[in-house]
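Visitor: Sequence:
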Amino acid sequence: MRPNLAPAVRGSALLLTLVALAVLGVLVVGAIQFTGTNRMAAVSKMRGDRVSACAETARRYLLAKLRLYNLDPTSLRLEQTLMDDAVASRRSVMTTTHYGDPNGQATVVAVSASSVSSSRGQARDLANRLVPPTMGGAYYRVVVMCKEEGRSSELEFLFRYGL
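Residue numbers (my numbering): 69 to 231.
No lab work stands behind these hints, which were simulated from the structure alone.
Predicted, not measured: the structure shown is a model, and the values here were computed from it.
Warning: the hint list may mix true and false statements.
Here are the computed distance ranges between Cβ atoms for each label pair [to be verified]:
| id | residue 1 | residue 2 | range |
| --- | --- | --- | --- |
| 1 | Ala109 | Val161 | 21 to 31 Å |
| 2 | Tyr129 | Ala206 | 17 to 27 Å |
| 3 | Ser112 | Arg159 | 15 to 25 Å |
| 4 | Met114 | Val184 | 28 to 38 Å |
| 5 | Leu136 | Val111 | 33 to 43 Å |
| 6 | Gly104 | Ala154 | 44 to 54 Å |
| 7 | Glu124 | Ala90 | 48 to 58 Å |
| 8 | Thr105 | Arg209 | 34 to 44 Å |
| 9 | Ser157 | Ala121 | 14 to 24 Å |
| 10 | Gly104 | Glu224 | 30 to 40 Å |
| 11 | Ala178 | Glu147 | 38 to 48 Å |
| 12 | Leu89 | Ala154 | 15 to 25 Å |
| 13 | Ala99 | Val161 | 34 to 44 Å |
Result set (EDC-like, lysine to aspartate or glutamate): computed pairs, CA atoms no more than 16 Å apart in a straight line [said to hold, decoys possible]:
| id | residue 1 | residue 2 |
| --- | --- | --- |
| 14 | Lys215 | Asp152 |
| 15 | Lys215 | Asp117 |
| 16 | Lys215 | Glu124 |
| 17 | Lys215 | Glu147 |
| 18 | Lys113 | Glu216 |
| 19 | Lys215 | Asp169 |
| 20 | Lys113 | Glu217 |
| 21 | Lys215 | Asp140 |
| 22 | Lys133 | Glu147 |
Ideal Cβ positions, reconstructed from N, Cα and C, are used throughout, including at glycine.
Can you make the complete structure from the sequences, with help from the hints?
Guide: And the structure:
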């Protein structure tokens with residue numbers, strides 16, 4: 069019989085394989101969780117972009133209404149439902165109100181020309197004339213809001229209307 073000089077090492081390959089599989093499993097679970105988080109963030113971003121685009125559409129719609137009807141800007145009211153979803157309860161609504169305003173008070177307000185910085189730099193001939201500080205027209209501040217299921221976006225802008 070021969071003497072056994074080195075003890076036999078057994079099971080180390082199995083142990084190494086189990087450790088490698090555990091590390092690989094943790095990496096896979098982390099990747100799946102990261103993908104789910106990114107997807108939720110992308111959906112949230114898409115909804116935010118949609119509401120933001122709706123508010124910009126409300127601004128353009130309101131300015132187009134001024135040209136179409138030749139109205140006094142302070143009398144404008146906007147309550148328009150967009151056909152942006154097949155389900156009626158999910159459609160976006162454009163309004164001229166503030167957040168949480170149940171009465172729907174008008175948000176088109178005249179602004180004095182002296183409070184608008186761009187009105188001061190207009191140049192023209194003032195010889196033998198008494199003229200107002202602006203070239204004509206009046207400034208208006210408008211707030212439009214776009215609501216959809218669970219989200220709202222409010223946009224405030226200033227425009228000059230008239231000659």
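Visitor: Kindly indicate which numbered hints from before are broken by the structure, ordering the numbers from low to high.
Guide: Violated hints: 6, 11, 12 and 21; rest satisfied.
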